[in-house]
Amino acid sequence: MIKKEKNIIFLNNITKNYYLNGKEIKVLKNLCGEFESGKFYAIMGHSGCGKTTLINIIGLLDYINGGDYFINGLNVKNLSENDKAYLRQKYIGFVFQDFYLDDHLKSIENVMLPMMLNKKLNYKEKRALASKLLESLDLKDRDEHFPKNLSGGEKQRVAIARALANNPKIIVADEPTGNLDEENEKKIFEILKDLSKKGKCVIVVSHSNEVKKYADKVFLLDDGILTEA
Amino acid sequence: MSLKSSIRYISIKLRRDKKNLFLMIFLIICSVVILTTLTFRNNYLKNLQNSIDKSITFRTLVVDPTDDPLSEDEKILGVNHVLEVYQNNYGFYDINVPTYNTENYDGMVELLYGTENILPENVIGKKFSKDDTGVAICPIVFYPWMDGSKEMKNDYLDGNKLLNTTFEVEREVYKFIDGKVVKSDEKYHKTFKIIGLYDNNEVYQDPFNCYISASDMKDLYDSTIQNNPNVLYGKFAVVDDRSNVEYVMKELSNLGFTSQVQSYIDSKLINSLKNTCNFIIIFTICIMIFISLMYIHKKNINDMYQYGVLKSLGYRNKDILKINIFQLLFMSIISFFIGILIFELLFRFAIIFYQKYFIYNSIFVRHFVDAYLITLIIILFIPTIISYLLLNKKINSQSASAMLGNKNDN
Ligand SMILES: Nc1ncnc2c1ncn2[C@@H]1O[C@H](COP(=O)(O)OP(=O)(O)OP(=O)(O)O)[C@@H](O)[C@H]1O
Ligand SMILES: [Mg+2]
Numbered sequence: 001m002i003k004k005e006k007n008i009i010f011l012n013n014i015t016k017n018y019y020l021n022g023k024e025i026k027v028l029k030n031l032c033g034e035f036e037s038g039k040f041y042a043i044m045g046h047s048g049c050g051k052t053t054l055i056n057i058i059g060l061l062d063y064i065n066g067g068d069y070f071i072n073g074l075n076v077k078n079l080s081e082n083d084k085a086y087l088r089q090k091y092i093g094f095v096f097q098d099f100y101l102d103d104h105l106k107s108i109e110n111v112m113l114p115m116m117l118n119k120k121l122n123y124k125e126k127r128a129l130a131s132k133l134l135e136s137l138d139l140k141d142r143d144e145h146f147p148k149n150l151s152g153g154e155k156q157r158v159a160i161a162r163a164l165a166n167n168p169k170i171i172v173a174d175e176p177t178g179n180l181d182e183e184n185e186k187k188i189f190e191i192l193k194d195l196s197k198k199g200k201c202v203i204v205v206s207h208s209n210e211v212k213k214y215a216d217k218v219f220l221l222d223d224g225i226l227t228e229a
Numbered sequence: 001m002s003l004k005s006s007i008r009y010i011s012i013k014l015r016r017d018k019k020n021l022f023l024m025i026f027l028i029i030c031s032v033v034i035l036t037t038l039t040f041r042n043n044y045l046k047n048l049q050n051s052i053d054k055s056i057t058f059r060t061l062v063v064d065p066t067d068d069p070l071s072e073d074e075k076i077l078g079v080n081h082v083l084e085v086y087q088n089n090y091g092f093y094d095i096n097v098p099t100y101n102t103e104n105y106d107g108m109v110e111l112l113y114g115t116e117n118i119l120p121e122n123v124i125g126k127k128f129s130k131d132d133t134g135v136a137i138c139p140i141v142f143y144p145w146m147d148g149s150k151e152m153k154n155d156y157l158d159g160n161k162l163l164n165t166t167f168e169v170e171r172e173v174y175k176f177i178d179g180k181v182v183k184s185d186e187k188y189h190k191t192f193k194i195i196g197l198y199d200n201n202e203v204y205q206d207p208f209n210c211y212i213s214a215s216d217m218k219d220l221y222d223s224t225i226q227n228n229p230n231v232l233y234g235k236f237a238v239v240d241d242r243s244n245v246e247y248v249m250k251e252l253s254n255l256g257f258t259s260q261v262q263s264y265i266d267s268k269l270i271n272s273l274k275n276t277c278n279f280i281i282i283f284t285i286c287i288m289i290f291i292s293l294m295y296i297h298k299k300n301i302n303d304m305y306q307y308g309v310l311k312s313l314g315y316r317n318k319d320i321l322k323i324n325i326f327q328l329l330f331m332s333i334i335s336f337f338i339g340i341l342i343f344e345l346l347f348r349f350a351i352i353f354y355q356k357y358f359i360y361n362s363i364f365v366r367h368f369v370d371a372y373l374i375t376l377i378i379i380l381f382i383p384t385i386i387s388y389l390l391l392n393k394k395i396n397s398q399s400a401s402a403m404l405g406n407k408n409d410n
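From first to last, the protein sequence lines stand for chains L and C. In this text, residue positions in the first sequence follow the working numbering: the first is 1, and each later residue adds one. In this text, residue positions in the second sequence follow the working numbering: the first is 1, and each later residue adds one.
There may be inaccurate statements among the hints.
What the hints assert, rightly or not - Straight line, CA to CA, 20 Å or less: simulated SDA-like cross-link-like pairs of lysine to any residue:
1) C:K298 to L:N166
2) L:K124 to C:I52
3) L:K26 to C:S399
4) C:K322 to L:F146
5) C:K13 to L:Y123
6) C:K250 to C:K268
7) L:K90 to C:N317
8) L:K126 to C:V141
9) C:K393 to L:S80
10) L:K77 to C:Q398
11) L:K187 to L:E175
12) L:K119 to C:K18
13) C:K18 to L:F146
14) C:K393 to L:D62
15) L:K126 to C:K13
16) L:K84 to C:A402
17) C:K4 to L:H104
18) L:K23 to C:A402
19) L:K126 to C:D319
20) L:K120 to C:L3
21) L:K77 to C:I291
22) C:K13 to L:K77
23) C:K13 to L:S80
24) C:K4 to L:N166
25) L:K119 to C:K394
26) C:K394 to L:D62
27) L:K90 to C:F40
28) C:K322 to L:L105
29) L:K148 to C:Q306
30) L:K169 to L:L150
31) L:K124 to C:Y9
32) L:K84 to C:K18
33) C:K4 to L:L121
34) C:K318 to L:Y19
35) C:K18 to L:S131
By construction, these hints were calculated from the structure, which means they are not laboratory data.
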């Protein structure tokens, strides 16, 4: 089933429940939403409303209990685990609040991590590409740094470079500036904005009002559904 | 994911993540223990088997005396496969050899009864026949020193230099007078020429054992000790091959003789040794399973969020398993080789340290390929299989977001 071409992400009646000690927690209730390429989306909402749950679903890191989720027109509901992994690799770049860099890898190696799955490029090409990505994020001389020798803002930019490593069409970020000061927050949002301008679909969960200045569209997640703010 | 990139990734992780060191050190210790135990066990059993196969004492029967001593020899020799029969007090004679009594050796030599039928097969130089006199066949590595309580301090005499030289034996003479043993003032002297050399390790004799002819042995014994006319001596009957020993014993028993094999194997000791070795290996394996379980379980908990991150980057469960198992295989192989290195050092050290002991006791120590193979299999597979079982279950039972959630748990 092909959905409207410009909607790279299409959510239709998504439900998501958690079960804890036999109790059902309904987090997403028939949630609908559309996301286009080349736009910057912000998702806001009070703590515990399900933002992380939603972004994990969009990033194919979690299952849904009901509804349909289309990426680029493809319904992912019945895809195998391996197919989903393939979609994550090709379509989705994930940015986390806690950066989640591998402490034992240098910046450039962290960025190359997703490229290891790519058999088309050789090692040299991967390295050159990673270096270019870092440079484009203002990390020119940080190739050989280990995460422990980077500032928070730098770590997050390395993480963004890693998310971009396989040139995905979608960037999802769960509170990417949650651990950063204002200045770094602005910088990260600017980078994400820039990426959306270059044609990527950027979806950012944030508590910060700053994000509204950058977002093309702000969604409010409340009571399990998305509404435009 | 290609093999090359996973190897590159793993080698980086191994070099930088010091937590791996613990398991590796442990695996190294295990390989050394298992390798040492197996090598010891194999060498012990191999040497035992060699001595059974090669030592004449495992095919020499001790035949009890009968009331009719005169016809014994003829009867026993009449049995098929019996090579030689002689009175058991002529079997060996410990004697002082002043020629070799220097500051380095105590000069004690054990002379053995020799006939053309029972001399070692391989002799450098000449053999003798039972009626020859004044001739001897000595070890190539000759050590005229019988006092086992003292530490051997010197090198062996080089038999090649002794060939065609002579030595003189000296012994007080005892006489049997009126039912009593009396020491006389005379001394017995005799000179022997070394006409041949034999490899004492090959036939499991001691390095102080020289063969002399049957007639010389009888003369020596009879002149210095004299047979007690009231004592009936048993006989030694040498069988041609160990496989015929049972047959000969049965035949002898049919003729009314009781006999037993001169040397026998203490099967209790051997079994307990085997059991001890098996216990050490099984115990090591158990500890290995336990430590691997603990280590891998802890590593899985610590690294689970990393696996979640890898999944978010597009890695499949299969890739994550592959990386982990390769990493453990790598660690095991490296540990195994370091273990071999350490074992090799210990082995060499033991050989140098116990060299004299080994030669003295005709012990050959060597490496056994199967010991290496078994060690490799144990070291390689236990951690890997445990890792596979634990991780496979863990990553297939939860979503990537649940894996990421694990970060907060520890
Ligand atoms: N694995 C889980 N098992 C049970 N309940 C869960 C689980 N994960 C989340 N929840 C519940 O689902 C709801 C939504 O959680 P979620 O993490 O999506 O909220 P959030 O909007 O991201 O909150 P925050 O802004 O604090 O990060 C919460 O009530 C939470 O307690
Ligand atoms: Mg959240």
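Each hint tested on the structure:
The straight-line distance between the Cα atoms of K298 (chain C) and N166 (chain L) is roughly 32 Å, outside the 20 Å bound, and the hint therefore fails. For the given pair, K124 (chain L) sits about 65 Å from I52 (chain C) by alpha-carbon distance, which is inconsistent with the 20 Å threshold. A hinted pair counts as satisfied when its Cα atoms are at most 20 Å apart, and K26 (chain L) with S399 (chain C) qualifies at roughly 18 Å. Annotation: proposed proximity of K322 (chain C) to F146 (chain L) is violated, straight-line Cα distance about 25 Å (limit 20 Å).
Taken as a hint, the K13 (chain C) and Y123 (chain L) pair is honoured in the structure, with Cα atoms around 17 Å apart against an allowance of 20 Å. Distance restraint check for K250 (chain C) and K268 (chain C): the Cα-Cα separation of roughly 25 Å exceeds the 20 Å cut-off, and the hinted pair is therefore not satisfied. Distance hint between K90 (chain L) and N317 (chain C) is fulfilled; the C-alpha atoms sit about 17 Å from each other, no more than 20 Å. The hinted pair formed by K126 (chain L) and V141 (chain C) fails the criterion: a straight-line CA distance of about 68 Å is larger than 20 Å.
With a C-alpha separation of about 18 Å, the suggested pairing of K393 (chain C) with S80 (chain L) holds against the 20 Å cut-off. A hinted pair counts as satisfied when its Cα atoms are at most 20 Å apart, and K77 (chain L) with Q398 (chain C) qualifies at roughly 17 Å. Our distance criterion of 20 Å between C-alpha atoms is met by K187 (chain L) and E175 (chain L), whose separation comes to about 14 Å. Between K119 (chain L) and K18 (chain C) the CA atoms are separated by roughly 30 Å; this puts the pair beyond 20 Å, and the hint is violated.
About 15 Å separates the Cα atoms of K18 (chain C) and F146 (chain L), which keeps this hinted pair within 20 Å; it holds. In summary, the hint linking K393 (chain C) to D62 (chain L) is supported, as the alpha carbons are separated by about 18 Å, within the 20 Å threshold. Among the hinted pairs, K126 (chain L) with K13 (chain C) is consistent with the structure: their alpha-carbon atoms are about 19 Å apart, no more than 20 Å. Taking the CA atoms of K84 (chain L) and A402 (chain C), the gap is near 16 Å; set against the 20 Å cutoff, the hint holds.
A C-alpha spacing of about 19 Å is found between K4 (chain C) and H104 (chain L), which places the hinted pair at or below 20 Å, so the restraint holds. Distance check on the hinted pair: K23 (chain L) and A402 (chain C) sit about 18 Å apart at the alpha-carbon level, within 20 Å; holds. For the proposed pair K126 (chain L) and D319 (chain C), the alpha carbon gap of about 19 Å is at most 20 Å, so the pair holds. Restraint check for K120 (chain L) and L3 (chain C): the C-alpha separation of about 14 Å stays at or below 20 Å, so the hint holds.
Between K77 (chain L) and I291 (chain C), the direct Cα distance comes to roughly 41 Å. Violation of the 20 Å bound is thereby established for this hinted pair. Our distance criterion of 20 Å between C-alpha atoms is broken by K13 (chain C) and K77 (chain L), whose separation comes to about 36 Å. Only pairs whose Cα atoms come within 20 Å are accepted, and K13 (chain C) paired with S80 (chain L) is rejected, the gap being roughly 30 Å. Taking the CA atoms of K4 (chain C) and N166 (chain L), the gap is near 19 Å; set against the 20 Å cutoff, the hint holds.
Simply put, K119 (chain L) and K394 (chain C) have alpha-carbon atoms about 28 Å apart, too far for the 20 Å limit, and the pair is violated. Among the hinted pairs, K394 (chain C) with D62 (chain L) is consistent with the structure: their alpha-carbon atoms are about 16 Å apart, no more than 20 Å. Between K90 (chain L) and F40 (chain C) the alpha-carbon distance is near 57 Å, which puts this suggested pair outside the 20 Å criterion. Restraint check for K322 (chain C) and L105 (chain L): satisfied, since their Cα atoms lie roughly 19 Å apart, inside the 20 Å limit.
With a CA separation close to 16 Å, the supplied pair K148 (chain L) and Q306 (chain C) stays within the 20 Å bound. The straight-line distance between the Cα atoms of K169 (chain L) and L150 (chain L) is roughly 27 Å, outside the 20 Å bound, and the hint therefore fails. Annotation: proposed proximity of K124 (chain L) to Y9 (chain C) holds, straight-line Cα distance about 15 Å (limit 20 Å). The hinted pair formed by K84 (chain L) and K18 (chain C) fails the criterion: a straight-line CA distance of about 34 Å is larger than 20 Å.
As the CA atoms of K4 (chain C) and L121 (chain L) are separated by approximately 12 Å, the hinted pair is consistent with the 20 Å bound. For the hint pairing K318 (chain C) with Y19 (chain L), the CA-to-CA distance comes to about 27 Å; that exceeds 20 Å, so the pair is violated. Note on K18 (chain C) and S131 (chain L): the hinted pairing is violated, with a Cα-Cα distance of about 27 Å set against a maximum of 20 Å.
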